[in-house]
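Participant: Single-letter residue listing:
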Amino acid sequence: MTLQETTNEALAVEMKDITLRFPGVLANDHVNFTLRKGEIHALLGENGAGKSTLMNVLMGLYKPNSGTIIVNGKHVSFGSPKDAIASGIGMVHQHFMLVPNQTVTENILIGLDEPKFVLNIKKYDQKVRELAEQFGIQIDPTAQIWQLSVGEQQRVEILKILYHGAQILIMDEPTAVLAPQEAAELIETLRGMARQGKSVIFISHKLNEVCAVADRLTILRKGRATAEGISVEGITREALASLMVGREVIFNLQKKDQAPGEVVLELQEVSAVNNKNLPALRKVNLCLKEGEILGIAGVAGNGQSELVEVITGLRECTGHILLEGKEIANKSPQASISAGLAHIPEDRIGVGTAPNLSLTKNVIMKSYDHAPISNAWRVNYTAAGVHAEELKNQYKIQAPSIETQARKLSGGNLQKLILARELSSKPRLIVAMQPTRGLDVGAIEAVLDLLLEERSKGSAILLVSEDLEELLSLSDRVAVMYEGEIVGVMDQKEADINTIGLMMIGSLRGDPACPPAETRTQPTDLNEQGAE
Amino acid sequence: MGLRLDVQKRTEDYPKWLPAATSVGAVLLAFVFSGLILLSVGADPIRIYSFFWTASFGSWGAVSDVIVKATPLLLIGLACAFAFKMKLWNIGAEGQFYMGAFFASMVILLPMVDLEATPKVLVLGLMMLMGMLGGALYGFIPGILRAKYNINEVITTLMLNYIAVFWNNYWIFGKYSDAGFQMTKMFPKIAWLPRLSDFAKQYKGFSGITLHLGVIFGLIAAVIVWLILYKSRWGYKITLIGDNPKAAKYAGLNITRNIVLVFMFSGALAGLAGMAEVSGVVHRLQERISTNYGFSGVIIAWLAKLNPFAVILVSVLFGALIVAGREIQPSGVSFLIQGIILFLVISSDVLLKYTIRVVRTDKNGEIVQAKSAAVEEAE
Chain G
38 MTLQETTNEA
48 LAVEMKDITL
58 RFPGVLANDH
68 VNFTLRKGEI
78 HALLGENGAG
88 KSTLMNVLMG
98 LYKPNSGTII
108 VNGKHVSFGS
118 PKDAIASGIG
128 MVHQHFMLVP
138 NQTVTENILI
148 GLDEPKFVLN
158 IKKYDQKVRE
168 LAEQFGIQID
178 PTAQIWQLSV
188 GEQQRVEILK
198 ILYHGAQILI
208 MDEPTAVLAP
218 QEAAELIETL
228 RGMARQGKSV
238 IFISHKLNEV
248 CAVADRLTIL
258 RKGRATAEGI
268 SVEGITREAL
278 ASLMVGREVI
288 FNLQKKDQAP
298 GEVVLELQEV
308 SAVNNKNLPA
318 LRKVNLCLKE
328 GEILGIAGVA
338 GNGQSELVEV
348 ITGLRECTGH
358 ILLEGKEIAN
368 KSPQASISAG
378 LAHIPEDRIG
388 VGTAPNLSLT
398 KNVIMKSYDH
408 APISNAWRVN
418 YTAAGVHAEE
428 LKNQYKIQAP
438 SIETQARKLS
448 GGNLQKLILA
458 RELSSKPRLI
468 VAMQPTRGLD
478 VGAIEAVLDL
488 LLEERSKGSA
498 ILLVSEDLEE
508 LLSLSDRVAV
518 MYEGEIVGVM
528 DQKEADINTI
538 GLMMIGSLRG
548 DPACPPAETR
558 TQPTDLNEQG
568 AE
Chain V
1011 MGLRLDVQKR
1021 TEDYPKWLPA
1031 ATSVGAVLLA
1041 FVFSGLILLS
1051 VGADPIRIYS
1061 FFWTASFGSW
1071 GAVSDVIVKA
1081 TPLLLIGLAC
1091 AFAFKMKLWN
1101 IGAEGQFYMG
1111 AFFASMVILL
1121 PMVDLEATPK
1131 VLVLGLMMLM
1141 GMLGGALYGF
1151 IPGILRAKYN
1161 INEVITTLML
1171 NYIAVFWNNY
1181 WIFGKYSDAG
1191 FQMTKMFPKI
1201 AWLPRLSDFA
1211 KQYKGFSGIT
1221 LHLGVIFGLI
1231 AAVIVWLILY
1241 KSRWGYKITL
1251 IGDNPKAAKY
1261 AGLNITRNIV
1271 LVFMFSGALA
1281 GLAGMAEVSG
1291 VVHRLQERIS
1301 TNYGFSGVII
1311 AWLAKLNPFA
1321 VILVSVLFGA
1331 LIVAGREIQP
1341 SGVSFLIQGI
1351 ILFLVISSDV
1361 LLKYTIRVVR
1371 TDKNGEIVQA
1381 KSAAVEEAE
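For the record, the sequence lines run as chains G and V.
Just add 37 to the spot in the first sequence (first one is 1) and you have this note's numbering.
Just add 1010 to the spot in the second sequence (first one is 1) and you have this note's numbering.
Simulated from the structure, these hints should not be mistaken for laboratory data.
Take the hints with a grain of salt, since some may be wrong.
[To be verified] Only pairs whose alpha carbons sit at most 27 Å apart, straight line, appear in this in silico DSS-like list of lysine-lysine:
hint: 1; chain 1: G; residue 1: K363; chain 2: G; residue 2: K326
hint: 2; chain 1: G; residue 1: K494; chain 2: G; residue 2: K363
hint: 3; chain 1: V; residue 1: K1363; chain 2: G; residue 2: K119
hint: 4; chain 1: V; residue 1: K1130; chain 2: V; residue 2: K1026
hint: 5; chain 1: G; residue 1: K293; chain 2: G; residue 2: K74
hint: 6; chain 1: V; residue 1: K1158; chain 2: G; residue 2: K259
hint: 7; chain 1: G; residue 1: K153; chain 2: G; residue 2: K111
hint: 8; chain 1: G; residue 1: K463; chain 2: G; residue 2: K363
hint: 9; chain 1: G; residue 1: K445; chain 2: V; residue 2: K1315
hint: 10; chain 1: V; residue 1: K1241; chain 2: V; residue 2: K1026
hint: 11; chain 1: V; residue 1: K1256; chain 2: G; residue 2: K363
hint: 12; chain 1: G; residue 1: K445; chain 2: V; residue 2: K1363
hint: 13; chain 1: G; residue 1: K164; chain 2: G; residue 2: K313
hint: 14; chain 1: V; residue 1: K1019; chain 2: G; residue 2: K119
hint: 15; chain 1: G; residue 1: K445; chain 2: V; residue 2: K1026
hint: 16; chain 1: V; residue 1: K1019; chain 2: G; residue 2: K53
hint: 17; chain 1: G; residue 1: K445; chain 2: G; residue 2: K494
hint: 18; chain 1: V; residue 1: K1130; chain 2: G; residue 2: K368
hint: 19; chain 1: G; residue 1: K445; chain 2: V; residue 2: K1097
hint: 20; chain 1: V; residue 1: K1158; chain 2: G; residue 2: K313
hint: 21; chain 1: V; residue 1: K1185; chain 2: G; residue 2: K100
hint: 22; chain 1: G; residue 1: K463; chain 2: V; residue 2: K1256
hint: 23; chain 1: G; residue 1: K463; chain 2: G; residue 2: K433
hint: 24; chain 1: G; residue 1: K463; chain 2: G; residue 2: K293
hint: 25; chain 1: G; residue 1: K292; chain 2: G; residue 2: K53
hint: 26; chain 1: V; residue 1: K1241; chain 2: G; residue 2: K445
hint: 27; chain 1: G; residue 1: K100; chain 2: G; residue 2: K74
hint: 28; chain 1: G; residue 1: K445; chain 2: V; residue 2: K1019
Chain G on its own, in the form it takes in the complex:
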């Protein structure tokens, strides 16, 4: 298809002059957006730029104050997402909308007219399996959602909208949750779908990816389009970044050479099971020193979450975990915290914050029980407010006030809030899981800078990330996990993406981690019970 000869018949979606005003904010300011049939159109922009709002307008969740929407040549005015779905538009949200206690197939069938009364689940399992195969998506239709990793859950979401017959797919930051290989697979899947005539809107922050996947792109900044449907050919990453943030972004991290100090964290022969009661960690040995960043690479679901959970006291395990010489395995989250642990969890909203409570109440989550925030029984909310105000300024958290509910913050500001709370406790060990996932360029830089600053202060940092470039630019050493094992540890200077990639998919083994220290006590019996 030549891009120039576009007639209206070739357009799947045409949004003209869309304006949407929220109190105090112009979320979309006269935005034009067109989607051709069979193309992948990337929608770029920082958090709060208005991408999701624009897509929610298309999905019928918001009514624009002005502007027209044409889908497949027809003027439409959707009253609800149901209307949009009926017109063949489907959206995979960033936060999945799945029922945890139902199977993949059951989730896919939700909201459909068929089956009417009797559910022959086997028949539909087979249909789902066939559909998955058609698009090269690997999934077990009989698995329950809570058993699946985040990456697998996303595949269910995609299958769901495909099953619902969507011709136009909106993907809200789909690769944010995926490992590089999975992301590549997804991009392949999307390309295949585009070849079959489906149109894809691909919302993303990741510049490389956008260039790899999209035919054209639209960039939003502060509600306005700074590029409308330009072709990706010949455009540079730097040019995209400056269109997105309005200034040249250079990932120029100030990482000093420094010799690591004493051992802070030591894992000896640590094994654990996952939620399905299957082995998730197999005799993991690791050590981590002061002023060192150890990056954990691996495809999602290879034991990284469980590794973080055993260290933070949220999961039972066998073996020994020593933080500054103190045993913290199988104790409690409280024991890990008081031994000097800070934890930046993967799930910022579900785990990292209490969404309906104020900023103040969120920043004192781990300091509410000692001076100066509280005395013997009373929480001094005045002191807490002062503390919150300080952190808000120091970490540049953008919020109307410290009384604002955490859920009203954008992703980047929420992460800054969590970092502010965790780092202000002057931790010895920081465990950060996907700290930059889903953040915009500006916020990523701020988060990475903060981690490097902690490194220079002498904290030990365990960084779990699926963004290999980020991992390699930040870490001093990189360990690769595959099926619950550490299959290789290498110095950052010797590490290269190809070797790591091969290790991640299990076709190469390197040196094991820290040589196992002499076991002081016999490891206890493997606990068959998976912790929550």
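Following the hints, complete the assembly by docking chain V onto the known chain G.
Facilitator: Below, chain V alone, put in the same frame as chain G:
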């Protein structure tokens, strides 16, 4: 051309006065709706309401009756509000109330102390402690079941209510019955909470005023609950667990222990209400000492938006409805109003999440202009 409701999700914080305003609005609207229902069956709502007013606030005696009725409601409302703050749905205040009454009565019925020789203060103090202990133990059961085995507390507390009622009946009929009636013998005066009428000799006006010390327990409990929920470390933990248990666990809180403790504290408040009722009002253990206080408490806590001081006001309103309801036939009218109040208060939460405006529409159903920016009491 036409009019239509335009419902928009609130994107900014609602003003601080709004929750109070919607609650008051809901109560007023409930009286309007009840009035319409009364009108439809041929009654005169204005006359009924003015009668309600004189029956509940027309004289000092009436006011005293209202406060006496409000006392158990206040304590139970606080018990519910406390548990609800952590999203523990304790529907079992009724059972905890009965167990509190039973344990407190045991001080006299066994008797636990020498009733001739022990000073009144000690007897009453022991009854209070036993009442709270009874309620707390009865709250412990659903607490531990929920905390350890994740058994739904709505079901367990609801069922335990019946067990408590029949447990009480068993002892009342089986062992302590007063000549086969469904009540025990009258307690000796040493077990009675002081009443204003006790001082009628000094102050003539107190003659016949049955207001007892229990209301002071209620007021002190309201202050304590407020201090715990809004000022203390424990209250912070309760709020945090209530909002996001996963975050609380991640922050190192012991959720299991807190579920049990909150349930026991809630039970203790309901148990104290039971003690105040046997010691301050009926002066014996008997069948049906509660007229569904446990369930009214749920409504009161909700109506008060879990605010301990608002619980005081709401329980007085409910006390007045009960007192007035006794004076009127059919007595169901006050239950009708209670039900409508609950229904409307719960619906009024919609106004905290959405703004609702009446808008003018043109032929195509498109909005022409906003008619009024004010939030309408639209349901």
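Participant: Determine for every hint whether it applies to the structure shown.
Facilitator: Going down the list of hints, with the structure as the test:
1. Under the criterion of a C-alpha separation no larger than 27 Å, the hint pairing K363 (chain G) with K326 (chain G) is consistent with the structure, at around 15 Å.
2. Between K494 (chain G) and K363 (chain G) the alpha-carbon distance is near 21 Å, which keeps this suggested pair within the 27 Å criterion.
3. Distance hint between K1363 (chain V) and K119 (chain G) is fulfilled; the C-alpha atoms sit about 22 Å from each other, no more than 27 Å.
4. This hinted pair does not check out: K1130 (chain V) and K1026 (chain V) have alpha carbons roughly 46 Å apart, beyond 27 Å.
5. Note on K293 (chain G) and K74 (chain G): the hinted pairing is violated, with a Cα-Cα distance of about 50 Å set against a maximum of 27 Å.
6. Restraint check for K1158 (chain V) and K259 (chain G): the C-alpha separation of about 49 Å exceeds 27 Å, so the hint is violated.
7. Between K153 (chain G) and K111 (chain G) the alpha-carbon distance is near 31 Å, which puts this suggested pair outside the 27 Å criterion.
8. In summary, the hint linking K463 (chain G) to K363 (chain G) is supported, as the alpha carbons are separated by about 18 Å, within the 27 Å threshold.
9. A C-alpha spacing of about 22 Å is found between K445 (chain G) and K1315 (chain V), which places the hinted pair at or below 27 Å, so the restraint holds.
10. Taking the CA atoms of K1241 (chain V) and K1026 (chain V), the gap is near 19 Å; set against the 27 Å cutoff, the hint holds.
11. Between K1256 (chain V) and K363 (chain G) the alpha-carbon distance is near 25 Å, which keeps this suggested pair within the 27 Å criterion.
12. Restraint check for K445 (chain G) and K1363 (chain V): the C-alpha separation of about 14 Å stays at or below 27 Å, so the hint holds.
13. About 25 Å separates the Cα atoms of K164 (chain G) and K313 (chain G), which keeps this hinted pair within 27 Å; it holds.
14. Only pairs whose Cα atoms come within 27 Å are accepted, and K1019 (chain V) paired with K119 (chain G) is accepted, the gap being roughly 18 Å.
15. Our distance criterion of 27 Å between C-alpha atoms is met by K445 (chain G) and K1026 (chain V), whose separation comes to about 17 Å.
16. Of the supplied pair hints, the one linking K1019 (chain V) and K53 (chain G) holds, its CA atoms being roughly 24 Å apart against a limit of 27 Å.
17. Simply put, K445 (chain G) and K494 (chain G) have alpha-carbon atoms about 32 Å apart, too far for the 27 Å limit, and the pair is violated.
18. For the hint pairing K1130 (chain V) with K368 (chain G), the CA-to-CA distance comes to about 50 Å; that exceeds 27 Å, so the pair is violated.
19. Between K445 (chain G) and K1097 (chain V), the direct Cα distance comes to roughly 22 Å. Compliance with the 27 Å bound is thereby established for this hinted pair.
20. For the proposed pair K1158 (chain V) and K313 (chain G), the alpha carbon gap of about 20 Å is at most 27 Å, so the pair holds.
21. Pair hint K1185 (chain V) plus K100 (chain G) does not hold up; C-alpha atoms about 70 Å apart against a cutoff of 27 Å.
22. This hinted pair checks out: K463 (chain G) and K1256 (chain V) have alpha carbons roughly 23 Å apart, not beyond 27 Å.
23. Only pairs whose Cα atoms come within 27 Å are accepted, and K463 (chain G) paired with K433 (chain G) is accepted, the gap being roughly 18 Å.
24. With a C-alpha separation of about 20 Å, the suggested pair K463 (chain G) and K293 (chain G) falls inside the 27 Å cut-off, and the hint holds.
25. Distance restraint check for K292 (chain G) and K53 (chain G): the Cα-Cα separation of roughly 46 Å exceeds the 27 Å cut-off, and the hinted pair is therefore not satisfied.
26. Taken as a hint, the K1241 (chain V) and K445 (chain G) pair is honoured in the structure, with Cα atoms around 25 Å apart against an allowance of 27 Å.
27. Taken as a hint, the K100 (chain G) and K74 (chain G) pair is honoured in the structure, with Cα atoms around 24 Å apart against an allowance of 27 Å.
28. At most 27 Å may separate the alpha-carbon atoms for a hinted pair to count; K445 (chain G) and K1019 (chain V) meet this at roughly 13 Å.
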